Amino acid sequence: MARFLLIFVGILVGLFAIEMLKPVQEAVIQPFTGLLAALSTAIILPFDDTVIAQGRILRDASTGFAVSIEAGCNGVEAAIVLIAGVVAFPASVKHKLIAISAGFFFVQALNIVRIISLFYLGQWNYTVFEWFHLYLWPVLIMLDVLVVYAIYLQWLGKQHPGVESA
Amino acid sequence: MLMRRQFVLTLILMPITFGIWYAAGTLFAAPAVWLCDFLLSSAYPNIVEALGLQGVKVLARTQFGEDGGVIMAAAEAGNQIALEINTRLVSYSIAFYAALLMASNLKDAIYKFCIGLFWLWLIMAFGLASILGKDLLLVVGAPFLNAPGVPPADLIALTYQFNVLLMPTLAPVCLWFWQLRGSPLWEALANDIKRASARA
Chain S
90 MARFLLIFVG
100 ILVGLFAIEM
110 LKPVQEAVIQ
120 PFTGLLAALS
130 TAIILPFDDT
140 VIAQGRILRD
150 ASTGFAVSIE
160 AGCNGVEAAI
170 VLIAGVVAFP
180 ASVKHKLIAI
190 SAGFFFVQAL
200 NIVRIISLFY
210 LGQWNYTVFE
220 WFHLYLWPVL
230 IMLDVLVVYA
240 IYLQWLGKQH
250 PGVESA
Chain W
318 MLMRRQFVLT
328 LILMPITFGI
338 WYAAGTLFAA
348 PAVWLCDFLL
358 SSAYPNIVEA
368 LGLQGVKVLA
378 RTQFGEDGGV
388 IMAAAEAGNQ
398 IALEINTRLV
408 SYSIAFYAAL
418 LMASNLKDAI
428 YKFCIGLFWL
438 WLIMAFGLAS
448 ILGKDLLLVV
458 GAPFLNAPGV
468 PPADLIALTY
478 QFNVLLMPTL
488 APVCLWFWQL
498 RGSPLWEALA
508 NDIKRASARA
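If you read the sequences in order, they're chains S and W. To convert, take the position in the first sequence, counting from 1, and add 89; that gives our numbering. To convert, take the position in the second sequence, counting from 1, and add 317; that gives our numbering.
Extracted from the complex, chain W is given alone in its bound form (with noise of 0.2 angstroms):
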């Protein structure tokens, strides 16, 4: 019943999450920029040169550059590709985690909503860092994966379709998850699990 009631709500909530969400845009995206930004410019310096929030996309400018159809070194090319991305893609999860934890109606839900939502910006920034992967190993190609430090393009595309397509949807049910604990959801949920597992 409190299971049937968790849905119900949560999918009653979504719309209203959802619309917070995207009328707050750059403010839900933008700790995760700054911290896929501190990472990958400490990390790859011969990649990346820095992300830059513009509205709800980022503006990764890279340290590669094109000349006549090669890529090359921006320095030796003049000029400097960059790759625009879109993070919503990513920060969509907090909208749903948003729905999830209001449904519960818990204790403590904003001090909950605020750990959620630094362990979110955390995914989010691998998932920038993941989607920026996938689009430089497209649009690079080579001359990426070369680099020091890059990995093997399989990896790339294993880690963009776990940081990118399922991260967002999963994390927030794992978080959910963690911070049910103590509630009479948690209770009834212990229970059909204790009784599952002593079925085993």
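So that you can see chain S by itself, here it is in the shape it has in the complex (with noise of 0.2 angstroms):
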């Protein structure tokens, strides 16, 4: 348990530490966030054609109203937990490569759902916008998070069935 949280930690600052290097910001944070608000805009298009991407920025053009995919928003600092946690646990180096890619995806597409909805929210109201953005979504991303692990950790149990607990 303690190798666990020791690893866990040191993970857990140093990709954070890593994610906000200039560097890592530029090449790989910004424009995977700008995918990601493309995306969003992907997915609204064949329902709403009034959406726009631009860059981090999801706009409506009829209204104006636009929301910005910032830090915090995009969905990494939870793959970064998730990452933390699946490398802190001991398994196979391939085990650990299908969680973070699953878990990744995972993540992300609960994100993708929640920058959508706050597309619309706050273009209804902003005070449940704010509520959403703020204290809501993030708790749902987290517990997201929580759900993928349980399930590595029942996947991680099956791939060996012979081990019983005493």
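Check before you lean on any hint, since a few could be wrong.
Covered stretches of chain W, going by a simulated chain S footprint (3 or more residues, C-beta under 8 angstroms) [as the list claims (entries may be wrong)]:
#1 327-339
#2 372-386
#3 404-411
Source of the hints: derived by calculation from the structure; they are not laboratory data. Fair warning: this is a prediction, and the values are worked out from it, not measured in the lab. No residue lacks a Cβ here, since even glycine has one placed at the ideal position from N, Cα and C.
Two chains, two frames, some hints: make the complex.
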């Protein structure tokens, strides 16, 4: 347990520090955030053709309302928590890579739902938008990470069905 | 099965716990604000004069002032820069923690909640200090960074990321997990962990 905690916290702090480096922000985080905005727009467009993506900004051309996807809103922090948890737990490299890839996908899938929901909530009611943006969605994203991690542990256990607990 | 029940119940309980948290407002934030006030005015008396709670907002009176667009010491400027911080940015961790804990139906849940609350207030105090650090960096800038004992800008940014964007959601999960020990859900999780560890 102590070993897990040490590795978990170490990786968490390390990845957070790396994420904040200017070259990483410019080469990875900002293009990735722009991709999230473009993906969100691509999902919305068949239903609402007034939406446009401008870099990290999602804008409604008819109302002028826009949301900017900033640090803390791109799901990278949640993904870092998941990566730290997966890497800290003893498993084969193959299993870890599968878990990180699948987990990243599920976290980002929910994050896109979050971005789209916030885009429409903001146009409807700003107070509700703030509630969801600042308090509810961060919790739901962390719950998503927890669910993914719990499924990962169960899946790892099923890879070795002969072992039972005392 | 138990884990699924845990997640579903957490989602069901969240509107209740968040409703109570919203209604209680100041009550859940006050101890963290007092602690933050004590820590900052003790460690950085040359930067922070005092923190005061006004509803769910904290008003931080700094030792900086402004005259003609130039930031200087408050005594020289004849005025004082005060910054407002929304305590809810960190205190929602209590609502999340309460939902997680109540969904687990643990023995001595109230006692465990009080212990968890104590830790969350401590973490929230650091969160509030991080928000203030970030705001001072943006509003005051160089005079703040040049003050004795102030960490570099990158460290302030990292601390903000960690204490404000991550800890309000990660800390409740860690506390809840720690307090699960001995419960049926813990046994189920421990079995999964043992089986998964044996695989490695």
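Going through the hints against the structure:
1. 327-339: holds (count 4)
2. 372-386: Coverage by chain S is violated here, the residue count being 0 at a Cβ distance below 8 angstroms.
3. 404-411: Since 3 is at least three, the answer is holds.
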